[in-house]
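J.: These are the residues of each chain, in order.
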Amino acid sequence: MKKTMFSLFSSFILVTSLFAFGCGSAKSDVIKVGVAVPLTGASAEDGNAIKNGVKLAAKEINAKGGINNKKVELVIEDDKGDPSEAATVANKLAQDKDVLAIVGHFNSSCTLAAAPIYNQTGVVSVSPGSSAAAVSKAGPYTFRVITTDAVQGASLMNWAVKDLGYKNIAVLYENTDYGSGLADVITKSANELKVNIVAKEAYEVGSTDFSTALTKVANSKADVIIVGGLYNETALIAKQKKNFGLEKMQIMGVDAIYSDALLRLGGDAVNGIKMTGYFSEVSSDPVSKNFVSKFKEEYKKDPSTYAAYGYDAALIVFDSIKNAGTDRKAIRDFMAKIKNFKGVTGENSFDENGDVIKQPLRLIIQNGKFIVTDK
Amino acid sequence: MFLQQMINGITVGGSYALIALGYTMVYGILKIVNFAHGDVFMMGSFFGLFCMQVWEMPYYMAFPMAAVATAIMGIVMERIAYRPIRTADSLTVMISALGVSTFLENLAMLLWGTGTHAFSNFSGITISTYKFDNIVLSNIQIGFIVLSLLLMIILYFIVNKTKIGVAMRATSHNIKTAKLMGINTDRIIAFTFGIGSALACVAGLLVGIYYDAVYPLIGYSYGLKAFAAAVLGGIGSIPGAMLGGFVMGIVETLGASYISNGYRDAFAFAILIIVLIFRPAGILGKKEIDKV
Chain L
149 MKKTMFSLFS SFILVTSLFA FGCGSAKSDV IKVGVAVPLT GASAEDGNAI
199 KNGVKLAAKE INAKGGINNK KVELVIEDDK GDPSEAATVA NKLAQDKDVL
249 AIVGHFNSSC TLAAAPIYNQ TGVVSVSPGS SAAAVSKAGP YTFRVITTDA
299 VQGASLMNWA VKDLGYKNIA VLYENTDYGS GLADVITKSA NELKVNIVAK
349 EAYEVGSTDF STALTKVANS KADVIIVGGL YNETALIAKQ KKNFGLEKMQ
399 IMGVDAIYSD ALLRLGGDAV NGIKMTGYFS EVSSDPVSKN FVSKFKEEYK
449 KDPSTYAAYG YDAALIVFDS IKNAGTDRKA IRDFMAKIKN FKGVTGENSF
499 DENGDVIKQP LRLIIQNGKF IVTDK
Chain G
2 MFLQQMINGI TVGGSYALIA LGYTMVYGIL KIVNFAHGDV FMMGSFFGLF
52 CMQVWEMPYY MAFPMAAVAT AIMGIVMERI AYRPIRTADS LTVMISALGV
102 STFLENLAML LWGTGTHAFS NFSGITISTY KFDNIVLSNI QIGFIVLSLL
152 LMIILYFIVN KTKIGVAMRA TSHNIKTAKL MGINTDRIIA FTFGIGSALA
202 CVAGLLVGIY YDAVYPLIGY SYGLKAFAAA VLGGIGSIPG AMLGGFVMGI
252 VETLGASYIS NGYRDAFAFA ILIIVLIFRP AGILGKKEID KV
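These protein sequence lines map, in sequence, to chains L and G.
Count along the first sequence starting at 1, add 148, and that's the number in my numbering.
Count along the second sequence starting at 1, add 1, and that's the number in my numbering.
These are calculated hints, taken from the structure and not from any lab test.
One or more of the hints may lead you astray.
[Unchecked claim] Partial chain L-side listing against chain G, Cβ under 7 angstroms, derived: (1) Ser284; (2) Thr324; (3) Tyr326; (4) Glu349; (5) Ala350; (6) Ser359; (7) Ala361; (8) Asn367; (9) Ser368; (10) Leu384; (11) Lys387; (12) Thr521.
[What the hints assert, rightly or not] Pairs of lysine to aspartate or glutamate, EDC-like flavour, derived with a Cα cap of 20 angstroms: (13) G:Lys132 to L:Glu395; (14) L:Lys342 to L:Glu352; (15) L:Lys389 to G:Asp134; (16) L:Lys390 to G:Asp134.
Keep in mind it's a predicted model, so treat the numbers as computed, not measured.
Where is the CB? At the ideal position from N, CA and C, for every residue including glycine.
The whole structure should be built from the sequences, with the hints applied where relevant.
T.: Structure representation (structure tokens):
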């Protein structure tokens, strides 16, 4: 009995010392960065795009010798787009003292669930995809490189009303927090710009039949449709509008519809759609050009807008670590002061809430490509 | 706008009616609700797309092919998932149906991915619209309504005027007695599943062509509405399912159009509840014209 106890005890000591040794040696020669995005579940496509963007950024910096001569190592976790899973993953990453900062999470609900954990342990997270207004108040350690829906919605309305001269606006939006939030922003700026909302129709995510809504739009004398939704439904609206005599109707949206799927599903019907966004794969900007060609080379497909956000979030994290060293709080303090950091989605600065400030681009689809336009 | 919305409602109602027929025929004979029927509709749509995309068939060959394939799938489904437990209680059958539903959805996601697919790239059908005053009709819309009505008339003829129709009605009245009278009830049940699945496939193809989209989970909302339409019309009654489908399509469209588009589904189910309060057996669900 005594003997067993002793051998158990000694093996326990051996195992724990192994762990301790493992951690100690890792600390000295690599820099660990956490990546917490949905790799399975409904948001998996966007989550994987972000992961690819971050991996590309890490590969590039390692090829140049890493950060301060230390290689970057990514710790990739799957939050499944589920807030409770996000909290588990956040705990895991925050407890690992070698993880200096985190790129994540994607869904606003997940970012909000993880934020208290990051704030408590004092590790910074940079979200590449959470655009809900509530994320502003998530705490000092939560940053994001995507603007709120309000910023894009207001900018879109300025474009539509001031530059394109539309006076009667129809809004079709999905029946979710995102869609109705965007519809509210558009209604509010329509009031400020003194134009009319002549139709405001909600639809369920996954709807295929837009005949009722489009008939109402056709009877409302609207001169533009603004979509507060995602690419699948936007493609269907663009295709079905011609059934109701709306061939010439202009469709506008925000960058949530920027996706290959919009072009694939919409075909010719989506040509001419205008949207605000921060990333264009045919941009002449050298940083974007480099990113797009490297991404295509690495993954044999076009980068989506979320891949670009993932890449930018990683660049900001790497830059902060490079300048602030390996102290988690110093990294956060440096990041808060970043001004006009050039990424592929524009020049990033952060306000006091950790929300990014940058000017959206104006994009139009021409011949199945997203092109930057002036008007 | 009223006439235009009526046409929109009849179009979507036609698809509900075609799917509802499958629910009501199976219920009429076996007294079970085949919850996998919405997914049969989805698979039918994908079969048609597959024939056009991969085998590059023109639509007039691809559609009959898909209908036959879906009918066979329906028969196989009955053989594997329902026949072995035909004498078990209805709860067991319901669980089995939910299992089939989950299986088909995941199979479709494995085979074709989770994304939305467009028909227009492969069908070779171009939409042309005709304008009368302020009503716009498209060729596909007309085809949609004509084809769904035609299929319902053919079905009505089969059930009421042919030998196999007599056998179907006999089986639905009393399965044991029908067996004693020398009717091969297993064959009749398989035939019913086959017809119901083929009609669901046609609905899937029409929806695919008209709205130009199909995705693996599309069967959920269409299946649920069509089931509600079958109950609304009086489940077990074939004319009831047809009427229920059109009533549901028109009510939800008019509600969405004059009250709020956001509550579209709510109108569909509200009319169901209202009708069931006053006529618990559904609109045409009387004892006399009950069942297949």
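J.: Each hint: holds or not?
T.: So, going through the hints one by one against the coordinates:
1. Ser284: With a closest approach of 27 angstroms, the Ser284 of chain L hint is violated.
2. Thr324: violated (11 angstroms)
3. Tyr326: Violated - the Cβ of Tyr326 of chain L stays beyond 7 angstroms from chain G, reaching only about 15 angstroms at its closest.
4. Glu349: Holds, about 4 angstroms.
5. Ala350: Holds - the Cβ of Ala350 of chain L comes within 7 angstroms of chain G, reaching about 3 angstroms at its closest.
6. Ser359: holds (4 angstroms)
7. Ala361: holds (5 angstroms)
8. Asn367: Interface hint status for Asn367 of chain L: holds (5 angstroms vs cutoff 7 angstroms).
9. Ser368: Result: violated, 10 angstroms to nearest chain G Cβ.
10. Leu384: Hint on Leu384 of chain L: holds, closest Cβ of chain G at ~6 angstroms, below 7 angstroms.
11. Lys387: This interface hint holds because 5 angstroms falls under the 7 angstroms limit.
12. Thr521: Violated. Min distance 26 angstroms.
13. G:Lys132 to L:Glu395: Status holds; Cα separation ~13 angstroms.
14. L:Lys342 to L:Glu352: Status violated; Cα separation ~29 angstroms.
15. L:Lys389 to G:Asp134: holds (18 angstroms)
16. L:Lys390 to G:Asp134: holds (17 angstroms)
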